[in-house]
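*Asks:* What follows is the residue order along each chain.
There are 2 protein chains.
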Amino acid sequence: MKQNLFNVYFLCFILVFVGTAAAKDADPLPSWKDTASRLAITRFVQEVSTTGSAGFVTPAERIAVFDNDGTLWSEQPMYFQLAFALDRVKALAPLHPEWKQEQPFKAVLEGDLKTVLSGGEHALLELVMATHAGTTTEEFEQIVRDWLDSARHPETGRPYTDMVYQPMLELLAYLRANDFKTYIVSGGGIEFMRPWSESVYGIPPEQVIGSSIKTVYELRGNKPLLVRLPEINFIDDKGGKPVGINQHIGRRPIAAFGNSDGDLQMLQWTSAGVGARFALLVHHTDADREWAYDRKSPIGHLDKALEEALAEGWTVVDMKNDWKVIYPFERQD
Amino acid sequence: MKQNLFNVYFLCFILVFVGTAAAKDADPLPSWKDTASRLAITRFVQEVSTTGSAGFVTPAERIAVFDNDGTLWSEQPMYFQLAFALDRVKALAPLHPEWKQEQPFKAVLEGDLKTVLSGGEHALLELVMATHAGTTTEEFEQIVRDWLDSARHPETGRPYTDMVYQPMLELLAYLRANDFKTYIVSGGGIEFMRPWSESVYGIPPEQVIGSSIKTVYELRGNKPLLVRLPEINFIDDKGGKPVGINQHIGRRPIAAFGNSDGDLQMLQWTSAGVGARFALLVHHTDADREWAYDRKSPIGHLDKALEEALAEGWTVVDMKNDWKVIYPFERQD
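In order, the protein sequence lines correspond to chains G and V. The numbers in my numbering rise by one with no breaks, and the one at position 313 of the first sequence is 313. The numbers in my numbering rise by one with no breaks, and the one at position 295 of the second sequence is 295.
Just so you know, the hints here were simulated from the structure itself, not pulled from any lab data. Predicted, not measured: the structure shown is a model, and the values here were computed from it.
Just so you know, same-sequence chains aren't split out, so a pair can sit in one copy or run between any two.
Using 30 Å as the maximum straight-line C-alpha spacing, the simulated DSSO-like pairs for lysine-lysine come out as follows:
{"hint": "1", "residue 1": "LYS181", "residue 2": "LYS214"}
{"hint": "2", "residue 1": "LYS33", "residue 2": "LYS324"}
{"hint": "3", "residue 1": "LYS223", "residue 2": "LYS296"}
{"hint": "4", "residue 1": "LYS90", "residue 2": "LYS114"}
Working from the sequences, and respecting the hints, build out all of it.
*Replies:* As structure tokens, this is what we get:
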């Protein structure tokens with residue numbers, strides 16, 4: 001019997017050991033080249049997740065926040081949510097004959113994007129209100145799902161949700177494997193992202209933070225509904241990002257990932273906490289495989305945050321030189 | 001070797017079986033009497049968590065939402081957060097000599113609660129703004145912690161966080177043991193509850209939803225701060241509760257727990273979902289061990305929700321007859 005018990009323990013030990021070794025051997029970041037960016041990530045993750053290390057962080061506090069547009073998926077030639085809004089204007093046009101005469105709708109219907117954008121923030125706000133409000137939350141979710149099923153990116157011809165960054169998907173999974181909780185913190189609409197964030201990024205709806213319009217509770221007959229109003233509730237951009245993080249999470253993240261000046265305050269807020277911290281910018285440097293833009297681009301404008309990254313020693317990912325592939329559909333394995 | 005392997009499997013089976021059986025034998029709700037309320041809870045939990053049952057719900061969708069005041073802890077003779085605000089007025093009074101002449105502050109400083117309350121919502125709002133704004137989020141958290149350490153309930157002489165309901169603590173743990181995610185959805189301040197919700201209820205800050213004032217991001221020197229402004233951001237009460245749930249969670253709960261008309265819309269919203277649903281009201285019926293109040297009480301006013309509970313077959317807990325003990329400090333085990 002003693003011999004049997006010894007065998008039990010020995011077998012358990014072998015099984016656990018072999019399992020652990022196999023898990024450790026698999027590269028969690030196969031699309032990341034062996035450069036400084038990758039090393040900075042893995043060093044940080046090992047530091048905070050190794051019991052007894054100086055920078056150890058308890059799992060509950062391992063909060064990582066990710067911008068979406070330009071950080072997890074592409075944002076050119078226009079924010080994908082703007083493409084959604086333009087398509088919605090076209091779909092809704094039969095119900096709004098007056099749009100043929102009214103800007104910015106007239107320009108949208110005529111495919112004149114330049115005039116649309118020349119209307120500035122006010123025009124974009126009008127488009128968002130006309131296309132994102134007036135439905136229930138459940139109807140809006142279905143509209144987003146239907147659009148993603150049918151819409152295709154104008155340059156790649158791919159569904160928009162194919163145009164996510166493979167190295168970032170690996171990074172999300174790697175962090176979660178090390179007991180991080182991963183959040184999206186985006187200027188994009190919270191209810192635009194939630195219908196697909198879990199299937200595409202593995203990020204459940206309760207871990208998505210974004211901009212929002214007001215909703216109200218209403219009983220229609222006996223049926224309770226949440227109705228979306230044409231009124232801004234919250235803009236989750238720039239200084240709004242730390243505000244949104246505090247409102248939704250109530251903890252300061254230990255790692256933040258962005259790509260533009262709209263993420264600067266989130267990276268500052270994350271970096272200013274006590275203990276091990278990590279801040280990363282995705283720098284769009286690959287005109288062949290994706291797009292190359294920074295200081296002069298109105299979309300994904302990256303200027304001050306790049307200066308601060310260099311000054312503070314934040315990690316700056318050079319997409320061209322740090323990533324083996326950009327999109328999942330490029331993978332050759 | 002074959003014999004050894006068989007022994008390994010047999011031993012594993014025994015260990016797992018014994019462990020499971022022991023866990024199943026321990027009563028997860030020892031403070032609940034053997035009444036219909038308890039039975040309704042356990043039936044629902046078994047239904048949604050048993051693979052293959054008609055009402056099975058995947059763990060990710062097992063969302064349970066709890067009101068706080070009067071549902072998880074007491075709310076008499078006044079909401080505990082109001083006691084906090086009144087104490088803050090007294091603490092801040094030396095910095096505000098003008099309060100000696102100005103209502104509602106004058107009445108607070110003179111201990112004249114009747115006059116304070118006669119000012120209605122406007123007076124309460126003024127008190128909240130004067131006592132909850134003007135600090136950073138970190139300073140406010142410390143103020144709440146310090147107050148809870150020193151403040152005592154006027155009737156029991158106990159710390160306020162002792163005055164939580166033992167049966168509800170057991171219910172929270174029982175739900176979590178069955179893979180529910182438990183949330184607070186309270187009219188109380190989100191940043192008033194977060195400093196202690198985890199240690200008292202086992203509910204982490206990211207699962208606390210509440211009313212809030214506006215905050216702004218600010219750099220003081222190089223230090224990023226979130227500053228609390230004297231302006232309402234969100235009232236998480238009545239129709240605001242489903243709105244807050246949608247904003248923070250993005251899923252409809254399958255179980256909701258409240259005690260007043262302020263919770264009615266949350267219970268309606270939860271109950272109207274597809275599949276197994278559970279709605280429960282805590283009815284304050286125990287004047288000896290706690291308080292007895294409902295339709296005529298301004299605090300924890302329970303009228304319409306009680307009617308709807310009876311009409312819809314929601315569970316109504318009779319505190320006097322359903323609970324063996326009210327507070328943890330009464331326990332005799």
